[in-house]
Each structure stands twice: as C-alpha cells, then as structure tokens.
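A.B. asks: Spelled out from the first residue to the last, the chains are:
Number of protein chains: 4
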Amino acid sequence: MIVLLKKKPNKDELTNLIDWFKGMGLNVHVSEGEERTLLGLIGDTSRIDIDLIKALDIVDTVKRIQEPFKNANRKFHPDDSIIEIGGTKIGGGNFQLIAGPCSIETEEQICTIAREVKQAGATMLRGGAFKPRTSPYSFQGLREEGIRLLLAAKRETGLPVVTELMDISQLKYFDDVDVIQVGARNSQNFELLRELGHCKKPILLKRGPANTVQELLMSAEYIMAGGNENVIVCERGIRTFETSTRNTLDLSAVPVLKELSHLPVVVDPSHATGVARLVGPMALAAVAAGADGVMVEVHNDPQHALCDGPQSITPAEFSMLTRKVMRVRGALAR
Amino acid sequence: MIVLLKKKPNKDELTNLIDWFKGMGLNVHVSEGEERTLLGLIGDTSRIDIDLIKALDIVDTVKRIQEPFKNANRKFHPDDSIIEIGGTKIGGGNFQLIAGPCSIETEEQICTIAREVKQAGATMLRGGAFKPRTSPYSFQGLREEGIRLLLAAKRETGLPVVTELMDISQLKYFDDVDVIQVGARNSQNFELLRELGHCKKPILLKRGPANTVQELLMSAEYIMAGGNENVIVCERGIRTFETSTRNTLDLSAVPVLKELSHLPVVVDPSHATGVARLVGPMALAAVAAGADGVMVEVHNDPQHALCDGPQSITPAEFSMLTRKVMRVRGALAR
Amino acid sequence: MIVLLKKKPNKDELTNLIDWFKGMGLNVHVSEGEERTLLGLIGDTSRIDIDLIKALDIVDTVKRIQEPFKNANRKFHPDDSIIEIGGTKIGGGNFQLIAGPCSIETEEQICTIAREVKQAGATMLRGGAFKPRTSPYSFQGLREEGIRLLLAAKRETGLPVVTELMDISQLKYFDDVDVIQVGARNSQNFELLRELGHCKKPILLKRGPANTVQELLMSAEYIMAGGNENVIVCERGIRTFETSTRNTLDLSAVPVLKELSHLPVVVDPSHATGVARLVGPMALAAVAAGADGVMVEVHNDPQHALCDGPQSITPAEFSMLTRKVMRVRGALAR
Amino acid sequence: MIVLLKKKPNKDELTNLIDWFKGMGLNVHVSEGEERTLLGLIGDTSRIDIDLIKALDIVDTVKRIQEPFKNANRKFHPDDSIIEIGGTKIGGGNFQLIAGPCSIETEEQICTIAREVKQAGATMLRGGAFKPRTSPYSFQGLREEGIRLLLAAKRETGLPVVTELMDISQLKYFDDVDVIQVGARNSQNFELLRELGHCKKPILLKRGPANTVQELLMSAEYIMAGGNENVIVCERGIRTFETSTRNTLDLSAVPVLKELSHLPVVVDPSHATGVARLVGPMALAAVAAGADGVMVEVHNDPQHALCDGPQSITPAEFSMLTRKVMRVRGALAR
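Residue numbers (numbering that gives the first Met the number 0), protein chains in the order written: chain C, 0 to 333; chain L, 0 to 333; chain F, 0 to 333; chain D, 0 to 333.
It should be emphasised that the hints constitute simulated quantities derived from the structure, not laboratory data.
Hints may contain errors.
[As the list claims (entries may be wrong)] Reference excerpt, derived from the structure (chain D facing chain C, CB under 7 Å, subset only):
hint, residue
1, Ile17
2, Gly39
3, Lys62
4, Arg238
5, Phe240
[As the list claims (entries may be wrong)] Calculated pairs, BS3-like style, for lysine-lysine (alpha carbon to alpha carbon, straight line, at most 27 Å):
hint, chain 1, residue 1, chain 2, residue 2
6, F, Lys6, L, Lys21
7, C, Lys21, D, Lys7
8, F, Lys10, F, Lys21
9, C, Lys53, D, Lys62
10, C, Lys62, D, Lys74
11, F, Lys130, D, Lys6
12, D, Lys74, C, Lys7
13, L, Lys21, F, Lys7
14, C, Lys130, L, Lys62
15, D, Lys6, D, Lys62
16, F, Lys130, L, Lys62
17, L, Lys5, F, Lys74
Cβ coordinates follow ideal geometry from the N, Cα and C atoms, glycine included.
The shape of chain C in the complex, shown without the other chains (with noise of 0.2 Å):
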C-alpha cells in the first residue's frame, strides 16, 4: 500500500502515524522528496481500512498494490480450490454443466426436464423456488413448495441440486439442496453473506449487475470470512448501455478471476444475454475461456411452459450443446 502524504507533513503527526501503522503489524519504508512524502507499507495489508487512512488529515491519497481480500486470493492459496458438491466436485479441472428451467412449476416438469437434462449430459440440477422479479405483480416462485419438488427430482435423478436462496429466513428449506445460490441482486447483501459464512454449504455467488470482479472477490472474502471456504462465483453479465442483450457478458472476467483468485468460476449465459440463441454461442465461449462450468436455463415444453423467459433452450438444443461444450474441452486440453 502506498501512502502520499500531503505537502509539507508536520514532524510529529509523521511520526505518530507511522508508529500507528506499524501497531498494525506493517513495515513502513519512507521516502522523502522535495515536494512530497510517500509511504510504502509492506505487509498484510488486506484487513486495513483504506477509508480510514483516506480520512486522515495529512494524507493525499492511498493506492493499494496488494489486494484487499485474502482468503479469495491466489497468492496466499496458488492452488486450484476444488469444491465437492453432493459427491461431485467443481474447480482444478473438474468441469460442471448445470442445466434446469428458470421456474420450477410443477413435480413433473421438473423431473421430466431433469430426466431430459440428465440424458444429455448435465451433471447438476438448477431450477428457481424463490424467484427475484423487478415486479412485486409477477410470478413470485412456488417458494418452499418449489424447493420440495426440486429435490423430488434430485431424488429420482441423483443429480446435485442448485437453488436461490434470497432471505437467511429461507435456509430452512435448504437442509437437502447441494448448492445455494445468491443472485444477483443480492450479491452485496452484505448481512445474508455474513450468515452463509457460518454455514458449510457451497454458495453460488453470483456477480452483481453493478459490481466489478474485485467487488465479487470481496462479497467471497465475507462469506469465506465466516468460515465457508465453499464459494463458487459466477458471472452472469454486467449492466452496460448495450440494448441487444440484457445484460453484457463480461467473458474476460473469467481468465481474470482465475488468476486473482482460486475459486470456481461458473458462468450463466442465459440470465446474462437474455436470448435463447445466443445461450449456445455464449456457453461455448466461456468454456473457451476457461470456465470450470456453465448454467444454462432449459425448459421441456416450449408450447405450454408459460413461465419460462424467452432465454431457455429445449432439452434438443441443449443436447447438441453438450456435445460441442465437449468437443471444445477436449481441444482446449490437447
């Protein structure tokens, strides 16, 4: 971390602040110049406040060299983490294909689509119970109703299972679900991240809309704060002025995660684009960029399925998918 102090620092208010950063465990190496003073601070530097240190009267400004997080981080942890989900793993090269409808309605829909989904090769379930929607007049989710028929399908499948959770009320519900996932808008609850940390489960931490990949890596830092050191993070497309998608797949967010940080990456291109037929193409370009899984929203019955966006594939398409979702693995590990 290095500190610019402002212009012609008083000796003693120097002296006490430097005596107040290496009450922090840190080294402080000075360098004076004519017009200006800088500190570099050397050390663990995560767990510092930089608001803090901005406040200070002789302070200009503060940069940060290391990253603000440290349990996410690579540099303390080099290897791959690798998380076992429901006798599965994900992460170090072990690749997961999570496929299911938006809302789950019924038992058999959504053990019809998880038979479908299974066949074609998807080796998770999702499916939403409590759905987030922008409009309190929408289809609200079948909510705890939901969560029993989605592991009715887990059931007669054994496929692990992925849901939303939006309230910490909800965990509950969850005792038998494999994954919890947190949307996101919920990606900087910071109350709900906190309670997750205290449980073992694996979170699907989805990115906010808002949020940069450090502000992802931070939202992990709270729930591995905790104690949960079972996070997967997953980009689902960030908010630009772009009108022909949702949102914008932030594909290069992958390689960068990966190298600032161990864990998991999953990426959903169906909340992100919006559009069925680009799910395909997307997907493929996220295994291409390295992704250890992707999420793709399938629904059995595009005549009837009122309630399925128009972002879903059919269990076909999904199908030819996989094989190529494959193929493309195979030619990136040669």
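Start from chain C and add chains L, F and D according to the hints.
C.D. replies: Positioned in the frame of chain C, the structure of chains L, F and D alone reads:
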C-alpha cells in the same frame, strides 16, 4: 400494451390468446396487416407479467405503453404525495434538509453534530448504525448501540432521524426511528422490500447503482403493494465508467421521477460523488432540479474523525450551504 | 414501424398524416381504440427519419419493428458476405488470423514480426502507422513512413496488410494497403465513413466504445450506402465501469452481429482487454462465439520493445495460440 | 509519478532506468523495500508516455499523481480563463446563454428564432449546418448553405454564433463564425483537434459520450498544444444504462472540470436528455452547479417544425427559463 404476433398466426391460437387477455379484464384491439398482426391491450396492464406473454409461441415482441407500476404512478395519483415524518412533512412543496455523520461513533459525537447541523438549518438528522461495507474487514457500524445513540441525539435536539436497516431482523430496533433507509445495495432486495410494505413507517428508498429510474419505482411499488404508501425515493448516483466521482449523480432522474411518480424525491450528493468539495455544488444543483430534499454527510471534527470519509463536509461548510440552498429555493419559487 | 398517436387526434391531421406516409410508399394500417390510435407502417421503413415523425404534434411515440439499416441487413441479404482481401477471403466460413505490432517502428522490426507471425500461422499482417493517442505528447506513429515500412513487410512475406486511416487526407498513402481500418474513436466520424463509401477497398470498421451493435451497423451502412459493400465489422470492447480490463469485450455482439447482418465479424482481444495474459483466452472465446477472424497484437522483442504496450503477446505465445484456435475451430466444425 | 518495479530488479537495469528518467529532466527518489522497489518521479511528468514506461520489462505498475495535461491544468494557470467571443466573453464570472434550433432550415426560420431568443435573453446563437446523424438516410443539414443563413441571422441580431464543424475541409466556411463546435462524436478525432490547434478561433469542445472528464481535458490539450488556448469545454451527457434520458447528464463534471482546469465550462441539457420537459430543470441545475454557460435548443414553430427534435423548447418556454436562470445566478452571487 402492444403485442406483435409472429407471421401467420394460427386462427385458433389467436382466438385463445384474445380470450386469455379478455379473461384478465383487458380490451383487445386486433389489427391484421398483410405481414403482421398487432394486438392492442387496453385496460390496467400494470399487473401483467410481460415475460409470460413474451414466452408465448405466437408472440414476437411486446411493448408496454403504460408503466408497469400503479401505486407509485402519478397517472393514478396526480397530486404530490406529502409524507408525515415525526411532526414535519416532505413532498408537495415541503422541503427537508437531512444532515449527519456517515457513522455514529459515540454519544458525544452524534449529539454534537446533531446540535450543530440543527443550528445550521438541518431539519432531519441522519447517521449510520448498520453500515454496509464492501470489505468484511472494515468497520461495520455500532449496530443496535448506534441506533440507541442516534435516538439520544433525537431526544436532545428534537430532529426526526433516518438510518439504514440492512435486514428485516433489525426492525425491532427501529421503533423510535422516524424514517427507515433502504440502502443502494438493498434496492432490489425484494424480500426486504415486501416486509417493509407491512409496516407503516416512512421508507427512504435509495436507487441501486445499476437500477434505472423505472426499476427504482418498481422497488417502491413492492413496498406500496404491501400497504405502505410512505415511500421517499432517493437518487444517489449510478455506476458508470467515469472515475473522478465515486458514482455519477443522475440529476435528470429528479424531474423524471417527479413526472412519473407522485412520491417525494431526495438527493444524496455525498455518497454519489464521494468528494466533499463536490457536495455543495451538487446539493444546489439538486435543489434547482426540483428535489424535495437533500441529504448530506457532515462531520464535526475533521482532525480526529477517523471514520468519516472524504465525502463529508464540516458544520461550517454545511451552514453556508443551507443559506445558499434557501436562496436558490427562494429564487425558483418567485 | 408502429406510430402511437396522442389522445383524440384531429380528423384532418390524421388524414394528412396517413397521406404523408403513403406518399413515402408505405402502407398504413389504422387501429382506433377508445383511448388511443395506432398506425402500423408496412414497407421499407429503413430510410425513414424516426426523429421527424416523433416531432409531429399528434405523435406520442414511434417504435421501429424493422431495423433502420438495409444494406448491412441479413434480411435483405441472407447469405454471409465473403470479402476478398488481396487473394484471400473472409466471411462465409473463411477465417482470418490477423497479427502484428501495435506500432510500426523500423523496417527490421515490422519485417521480423511479419515473418514470425506468418510462420506461426497468421494470414494477415496488422501494424499501426497513424496512431490515435489520447495524449498529444505520446508517440503519434511513423505516419506515411510507417505505411511504407508495412508495405515492405507485405512484399517480403506476401501477407495482406491492414492499417488504420485517421483522416481522409491520408487515403493517398493507402493504395497498396489491402484493408483500411477505421478506429474505434472514428466509428461515428460520419464524414470519414461517407468518403470511404466511395472507394472499393475493404474496410475494417471498429465498434466505438460507446456504440451499440445497432449503431455499429448504422456506421457500416454509411459506408455501404456510398457503394462500398466490403465492410468487416470489429468488436473491440465497450466502455463500462469494470476496471480490471481496459474495456469490456462484448462477445455476445458476435452472434448478435451475425444474426442481424451478413457482414464478417472480427474480434480484437488485445485492445479490448489491454492485458497480454487475457489475449489468448479471449481469442479462443471469440472463435467459439463464431467470429470470422481475430486480430491480435504481437511484438518480437519484449526486452527492448519500448512502444509495444502491455497488451502484446510474443511470437512464441502467438504460435501456441494459433494451434489452439485451429483446434477449437475444428471442434466446432464437426 | 510512482513507478513500482517487479521483484528483484537487476542492478544495471535499475541504474539504466534511473538515468533514463534523469535524461528526461526528472528527479528520481528510490525507495527500496524488502520485497519491492518504488521510484518516485518528480518534475514535469505531463509529457511522459505512461505506456512506454509500463512496457519496460522491470516495471510492474505506474501510477500518475500529477494530471497528464498541462496547458489545460489549473495548477499551472490558477485564474479562470476568459475567452473573447465576438465582443462578448465567457469564463471568470462571464456567463453565456446560448440558444437556437437543432438544424438551420431556412433564412426566415433561423432569423425568426434568432430574434426571439435574443429578446428572451440569449447572448449567443446556435444552429446546426453540418449535422452528424446516426443514419445515412437522415437529413444531413444544409451544410455550407446553412452557415450562410446562420451568418445572416448573426448580421440581423448581432448575436455571436456557434456551429459545428465535422471535418477540417469545412474550415473555409467558418471565417465569420464566432465559435467552432467540435461535436461529441469527434471529441477524440485527434487529427481534427490537432488542426484546430492551428487556428485562433474559440472552440466549443463537447465531451464524448464515452469519455471521462480527464479525457475531455486531454482533447482540449490537443488543441491547446497546437497554440490555440481558446477552448470552452462542454458537458452533454455520457452513455449509461439509464434509458429515460438519451444520455446521462453528468453535472458533477462541472465542478470537477473547474477544479482541474481553468477553461470555461458550458452545459448542453438538450442533447444530454433528449426531452424538452427536462431542459429547464437541467439548465437551472447546471447553473447551480457552477457552469459558465448553458446551451439549449429552441424551435420557433412546433406545429410545423419537422426537423426539430423532441428535445427543443419554445421561445416562450425559453423566455421563462432565462428569467429563472438569472434569478438562480443572483441567488448564488450574493
């Protein structure tokens, strides 16, 4: 609402679709062209799930003409809402000047600032007890103890108080708080919004940094749909590529919000810009743009205030600002 | 095009308006509701000035159904365009791997890199002679001398060359250049685009960092409307709030562009990300997303290459990348 | 400028690097830590090519402390620049109210509007002759004939005129134009900016919709580096995800620009918002934020003005606005 059908719709499907819309209490105007069929839906379309219609097989695109919110809509409530806040009012020409520190630190600190901002012209007191921080290692606020200190400052000065609630489990501490703030990161925490619809206390709802004006009003609609009409919306900057300010204060949102909705609109230039020197000019600009209130961070002792950010102004600066705010309001009222 | 009129349109005005549209060769379908009148305009609306209609007193809103571009539109040209470039081709299954240095520095430098990238599998050579730089104090390129050196490298290797033109007055130096590049900052320099419509040389048109996919195609339309159909569009990142990459590479734009238009699509991961380590993953992702070509910066001697940015990869890295690109293309072609 | 070196720099390389910086006239402060070596560069670093330093093998990161512009920098020119415009002035307390139509259509139209806006309080006349339009099929302006008509209105009313130049080849028509406007899409057309540095006429430089405040000042620097100090910068909205306005007017840019630079700052609320009803509130907000001028679109005859956009206000509305602008300026001056 305009529904454009795909080429060559099947006669039966068309009849079924029209009957379905009529079953929702809508009138349907059919316009059959050579290449395309258009349906115009007349009636209360605010409660219709647009994604459900888009997902129908015979539908190409759907365009709303009417806004998807009703309780917050000025069309159905032409007069400005006036909200009562502990003996004072906001909206309909009633203006509030809300000031106070970023974080509540000690009883002396919050009471001193409260006295100073009251003397300078503030009509409400703000102060953070539950603090949303990007890093789990940053100071998270005094939490319930902070609320207790804020209420002490309220008793001493008589100023109504506003402070942030981060999770519905904290509601029990807010009995004597006058206005509950929903922070920018919780602006689309729909579970929280729904719960706040069940209390009657005024809510200051901040715009999320990735939310459009319409999405802000949809979040207000969540609260109002639950029965709580006392919503104040707050512009506090959106996330853009510009880095000279923390966020980009979108002052155009003020007249846009006041045109679309009857709810009072407050502007927070401190969090938007993150720079103390910009707070004054932007507060004045907000007033000139027609805001019903401004909310600014003020700290009492910049020499020792370790936790106040670089976005706070001093009581003396605030005093000068209030005089200018009043002069600008006077100039516009003539 | 759908035109929604204001409440209670005057009978004569309505007749005049309909006649005016008919005079433009359009069919007009009138749908009169109780509260609103809708006009559906059928025919070639691509040449209609939407702002002109919006400005009419009796018009409330206008929505396009058809895209506002025609020459670039796949609807009117269903097959992929195949563009001839100095003996080679791009589009319709023809793929180009374009490589070379950011700036042309010396004849030795550009010829060495040209030989190396050719051997590694490049099919076209890029190199900057006229350099758009944010600062007037940065190196502005060798300009016409740079073009001369680039053409020497072309003669030596036989690789077709692409290089940027910044002003139409520079066109005289481009006689032997195979493809003229229009840079991102000139993507809406309409005077320049119009002039380039009068030459027959292939144009590589980069997307402006604040331009939507549709605006990029409108800029292509400017060139094509002048008679030059040889336009290649290039995704090179858009401006967002994310700071870990210089811009945000919008790979969804690749399938969107290929759906809306028949023009070949190239991706430039070097300028988009600004980080050498991300060039490989993003080039592979671009190929998986369906790009007709990728353009990457390669420098020969990282020890002494003062002018190559941190976004360039070495010839050895490029050689590995080309092998992976070919394997991914093979995996997708099966 | 702070240069952070990579771990374990070679002694000779370090000496060479320091000598190289000294050869540029800079003082170098070396701070060697256990893990890292920092160099602090003191002196005029505005002319240093930061990319060149970043590209050096032994350099990890480079951070500027000083801004990369010099002529436009308030640090080297503490007083406000006052620019002479045809007998009037802008900057240093001199305020300009610039009004006129989007497009010049006929001599009668431009002269009528000129008379009306002058009577309402305008001090300068604007009007578009060369029109940058997104579509090649939209009206492109009357071009040189438009300039002729604008000059007729200037002669009749005595108002100084400002109009846009799109290509340096058009400069010959601008002899009697008082201020040359560089449009938002040309804000980084560096060849054009460089050429305009060779004339002495005042330039109204609009901010590009994807440009930061610093990039706007770098574009101003291009003009000033050529010898033309008469630059007025203009905020006209940036591109964001918000769709209720055409662009997002960034009024914080006004005090930021005035702090960083001595150049006059004008705000254009018409193009920024694209909505006539928002022009008044945003013009007043711009004045309250400290702008040296506002530029608004005014059309004379909304019944027949086919080419004026929905962003124009009427002369009567403009007249009311000027009175409010003057009252707000008065309120702030006291």
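A.B. asks: Of the numbered hints stated previously, which ones are contradicted by the structure, given in increasing order?
C.D. replies: 1, 11 and 16
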